[in-house]
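A.B. asks: Just need the whole structure built from these sequences, with the hints factored in.
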Amino acid sequence: MSRRILAAAALAATTLGLAGPAQAQQRIQFEFWYGLTGRLGEIMEEHCKRFNDSQTKYEAKCVGQGGYDKAEQNTIAAFRSKQHPTLVQIYDAGTVNFMLSGATYNAPDLARDFNMKIDWSGYFPGIANYYATSKGQMWSFPYNSSTALLYWNKDAWAKIGKTKAPETIEEWWDDVRAMKKAGVECGFAFDYDTWMPLEQFSAIHNLPIATKNNGYDGLDAEVMFNKTKFADYMKDWKKLLDEGVARIQTAQTGKTILQAFTDGSCASMLSSVANHGVVGSTAKPGLNWGVAKLPVYKDFKRHNSLVGGASLWILQGKSKPQYEAAAAYIQFLLQPKEEQWFADVTGYIPVTQAGYKAMVDAGFYADPKRQGREIAIESLTFTPPTAVSRGIRLGNFTQIRAEIRSELEAAFTGKKDVQTALDDAAQRSNQILRRFEQTFKGKQLP
Amino acid sequence: MDRRATFDNLWLAGALVAPQILLVVVFFYWPTMQALYWAFSTQPPFGGTNQWVGWQNFEQIFSDAVYWNSVRVSIVFAILSTALSIGMALLLALMIDRQLAGHKAYRFVYFWPYAIAAPAVGLAFRFIFAPDAGFVSAINQLAPNLWNPALKGWDAMLLIVIANSWKMMAYNFIFFLAALQSIPRSLVEAAAMDGSGVLRRARDIQIPLLAPTLFFLLVINITESFVDSFGIVDITTGGGPARATDLMVFKIYSDGFKGLDYSMAAAQSIVLMLLVIGLTFVQFRYVEKRVHYA
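Chains A and B, in that order, give the protein sequences.
The first sequence: position 254 = 281 (the working numbering), numbered continuously.
The second sequence: position 104 = 169 (the working numbering), numbered continuously.
No lab work stands behind these hints, which were simulated from the structure alone.
Note that the structure is a prediction, hence the values are computed from the model and not measured.
Ideal Cβ placement from N, Cα and C applies to all residues, glycine included.
Among the hints, a few may not be true.
No more than 25 Å apart at the CA atoms, straight line, and that leaves these computed lysine to any residue pairs for SDA-like [what the hints assert, rightly or not]: (1) A:Lys-239 <-> A:Lys-328; (2) A:Lys-442 <-> B:Trp-212; (3) B:Lys-323 <-> A:Gln-458; (4) A:Lys-186 <-> A:Pro-395; (5) B:Lys-217 <-> A:Lys-239; (6) A:Lys-254 <-> B:Trp-76; (7) A:Lys-345 <-> A:Gly-65; (8) A:Lys-265 <-> B:Asn-210; (9) A:Lys-468 <-> B:Phe-123; (10) A:Lys-384 <-> A:Gln-362; (11) A:Lys-208 <-> A:Tyr-324; (12) B:Lys-323 <-> A:Ala-130.
Footprint (simulated), chain B over chain A, 3 or more residues, beta carbon under 8 Å [what the hints assert, rightly or not]: (13) 102-115; (14) 123-132; (15) 277-288; (16) 422-430; (17) 459-473.
A few chain B residues that face chain A, going by a derived Cβ cut-off under 7 Å, partial list only [to be verified]: (18) Pro-96; (19) Thr-107; (20) Pro-109; (21) Phe-111; (22) Ala-148; (23) Gly-152; (24) Ala-182; (25) Ala-195; (26) Pro-196; (27) Ala-198; (28) Ala-257; (29) Gly-305; (30) Pro-306; (31) Arg-308; (32) Phe-322.
C.D. replies: So, in structure tokens, the structure goes:
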């Protein structure tokens, strides 16, 4: 008896199971892997759903990988065993690995083969330059794009009688110290992420991170961040930490910089504009905050900041219909309407000038909820990109970031003096670069 | 007279062992050979043509201070977590064996931690020991900055030792309890009648009779702490602060999968394998001599 019931149940399950795919099979499916997590990861999912609901021909299967770095690692592992997706979101730092991989179906080829309507010159130059090859072509499609901003707590600044965010770094430090006297325990929260202090800082000060124009001119570049103003910047951070006016906030201490800022315990932080939406929705009630362009040292002229975020790469070894579907997906994302939706729910900036213009015309940035987001565009386009404010193209940059991070940990916890730590980080970074050069012997940056 | 057991039907014997051999080949020898090949060449991240580089990968590893740091950290971790997990497990097993009140429930519950995946253990301990927000943050209320694994290397080390021992303790506990229960009651009772107390009985009768189990657990725990501690480190400390918890196995992961330098990671895993084989050999050669199997 029970066996018969089981058999019936199994049969029912099979039929039901078959019914699902059978219907979907009429649509062309392709896989898209993304790296964003948390609320931003959910938005990736929603973006996919919007695409699937907008037409009936294609179906995007979107799979979160639990982090940008994991998305890259998993894609590489999957590619090696031929289980890779058609489309993948790869963060800025992974660009060079993919350019040299020989595993990609490059954006211009896809656009040509599937008659995509792409206005290559319509991308913001700051974004296009970052991802472009030496011949000025982008091999991937810029997707979620951001830049770093200063988030500041207006109430804390009001205690020292100021209503404007600091313009220069010197002014910022003075404010932080003054706020301490006025009873603000933590004027500035930071962690060991190098994106803000090293990469963005160097761009807006027009300082090189590495020789050969930050690596764009060849794989034999060497890092030099330990010899620039960046070293002084880090020494300043350490000094603030020692004075007890700034704090390190990481997941390990219990609160990230974002949480420390949104609960009002720290008065400023450097973070991506992508978090604008998150700060708005998680800030404790009544928190009066704003964003501003990153402060610069007063002896320096401000330059454009760097684009951060990720681009979409198409991988080889898939079928023609799948590429067609991926092309349709990218085309869908580039519609001004979609750009606006995406920018609205996240804080990311539109990647095309047309998208941006449409949003300005529609009064998008006039809404108080989004106040300040246009500052990201302003920061990104402050000057035309120079040879070094254009971006960074160093092999295995993820690992270089990790080395700097480790050494900054040593410096901020007092194990090493800041300059020694940065010299060690530079030396280890150069080892990584030589190693990368050796692994890709005979290959050249496109 | 030759008393060795022989097996005439070689084909049948072969067929019977084949599945096991196949498993070992596929999951051990094949990957090991692959790693060996990578260790002597450079393997591009996306696959493709390796270049033979001879001993270069090994030379680079051994001349790297950061690598030696990870060896040192691994040894400290192995000693501390083995001592803590075996010590605690022994203590708990002795108490349960005395059938103290509620021992049935405890016997059941003590094994649970081993069934929890390492990342989950890591997440729980990260929360408990978070200096700003965790349960242990009360310590920092009394003595500011006494406990901060995000900044202090030893605190971070202690954190992963405790997390790992908590998990391994459960495993050790079961073995100790089983071994204790196989000690004849009459021995313990005789000692009790002669007037020896609980501690004396444990020291002179129970623990010596546990020697084979102790030895087995020593080998297992040391091996585990070298090769299987990745999940906890990844979640709680990420190898930091300033590489204070950068265990060898974690470094292999970060060089290989984060750094995409598969060859360097392969070379390191070969070294780790040799180290674990070496340690196990030493234990069998020298420590086992002191063990009496009943």
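A.B. asks: Each of the hints needs a verdict: does it hold here or not?
C.D. replies: How the hints compare with the structure:
For the proposed pair A:Lys-239 and A:Lys-328, the alpha carbon gap of about 22 Å is at most 25 Å, so the pair holds. Our distance criterion of 25 Å between C-alpha atoms is met by A:Lys-442 and B:Trp-212, whose separation comes to about 17 Å. For the given pair, B:Lys-323 sits about 16 Å from A:Gln-458 by alpha-carbon distance, which is consistent with the 25 Å threshold. The hinted pair formed by A:Lys-186 and A:Pro-395 meets the criterion: a straight-line CA distance of about 23 Å does not exceed 25 Å.
Between B:Lys-217 and A:Lys-239, the direct Cα distance comes to roughly 38 Å. Violation of the 25 Å bound is thereby established for this hinted pair. With a C-alpha separation of about 71 Å, the suggested pairing of A:Lys-254 with B:Trp-76 is violated against the 25 Å cut-off. About 29 Å separates the Cα atoms of A:Lys-345 and A:Gly-65, which puts this hinted pair outside 25 Å; it is violated. Distance restraint check for A:Lys-265 and B:Asn-210: the Cα-Cα separation of roughly 17 Å lies within the 25 Å cut-off, and the hinted pair is therefore satisfied.
Pair hint A:Lys-468 plus B:Phe-123 holds up; C-alpha atoms about 19 Å apart against a cutoff of 25 Å. About 13 Å separates the Cα atoms of A:Lys-384 and A:Gln-362, which keeps this hinted pair within 25 Å; it holds. Restraint check: the Cα-Cα separation between A:Lys-208 and A:Tyr-324 comes to about 23 Å, which is no more than 25 Å; the hinted pair holds. Proximity of B:Lys-323 to A:Ala-130 is assessed by CA-CA distance (about 19 Å); at most 25 Å being required, the pair is judged to hold.
Closer than 8 Å: that is the beta-carbon criterion, and the segment 102-115 of chain A has 4 residues meeting it against chain B, so the requirement of 3 holds. With 4 residues bearing a CB less than 8 Å from a CB of chain B, the segment 123-132 of chain A meets the requirement of three and the coverage assertion stands. Coverage of the segment 277-288 of chain A by chain B holds. Counting CB-CB distances below 8 Å, 6 residues qualify, and the rule asks for three or more. Given as covered by chain B, the segment 422-430 of chain A passes the check, having 4 residues with a CB less than 8 Å from a CB of that chain where 3 are the minimum.
Look at the segment 459-473 of chain A against chain B: 6 of its residues bring a Cβ nearer than 8 Å to a Cβ of that chain, three or more, so the hint holds. Taking 7 Å as the C-beta contact cut-off toward chain A, the hint placing B:Pro-96 at the interface is violated, the least distance being around 13 Å. Interface hint status for B:Thr-107: upheld, as the beta-carbon distance to the closest one in chain A is roughly 5 Å, under 7 Å. For B:Pro-109, the shortest C-beta to C-beta distance to chain A is roughly 5 Å, which falls under 7 Å, so the interface hint holds.
Because the beta carbon of B:Phe-111 sits about 4 Å from the nearest beta carbon in chain A, less than 7 Å, this interface hint is met. A hinted interface residue such as B:Ala-148 counts as satisfied when its beta carbon comes closer than 7 Å to some beta carbon of chain A; here the least separation is about 25 Å, so the hint is violated. At a threshold of 7 Å, the smallest CB-CB gap from B:Gly-152 to chain A is about 27 Å, leaving the interface hint violated. At its closest, the beta carbon of B:Ala-182 sits 15 Å from a beta carbon of chain A; the interface hint therefore is violated under the 7 Å criterion.
Nearest Cβ of chain A to the Cβ of B:Ala-195: about 4 Å, under the 7 Å cut. The hint holds. Given the 7 Å rule on beta carbons, the hint for B:Pro-196 holds: about 5 Å separates it from the nearest Cβ of chain A. Because the beta carbon of B:Ala-198 sits about 3 Å from the nearest beta carbon in chain A, less than 7 Å, this interface hint is met. With its C-beta approaching chain A no nearer than about 49 Å, B:Ala-257 sits outside the 7 Å limit, and its interface hint is violated.
With a cut of 7 Å, the hint placing B:Gly-305 at the interface with chain A holds, because the nearest CB-to-CB distance is about 5 Å. Against a cut-off of 7 Å between C-beta atoms, the interface hint on B:Pro-306 holds, since the closest Cβ of chain A lies about 4 Å away. Taking 7 Å as the C-beta contact cut-off toward chain A, the hint placing B:Arg-308 at the interface holds, the least distance being around 5 Å. The interface hint given for B:Phe-322 holds, since its Cβ lies 5 Å from the closest Cβ of chain A, which is under the 7 Å cut-off.
Checked against the numbered hints above, the structure violates hints 5, 6, 7, 18, 22, 23, 24 and 28; every other hint is satisfied.
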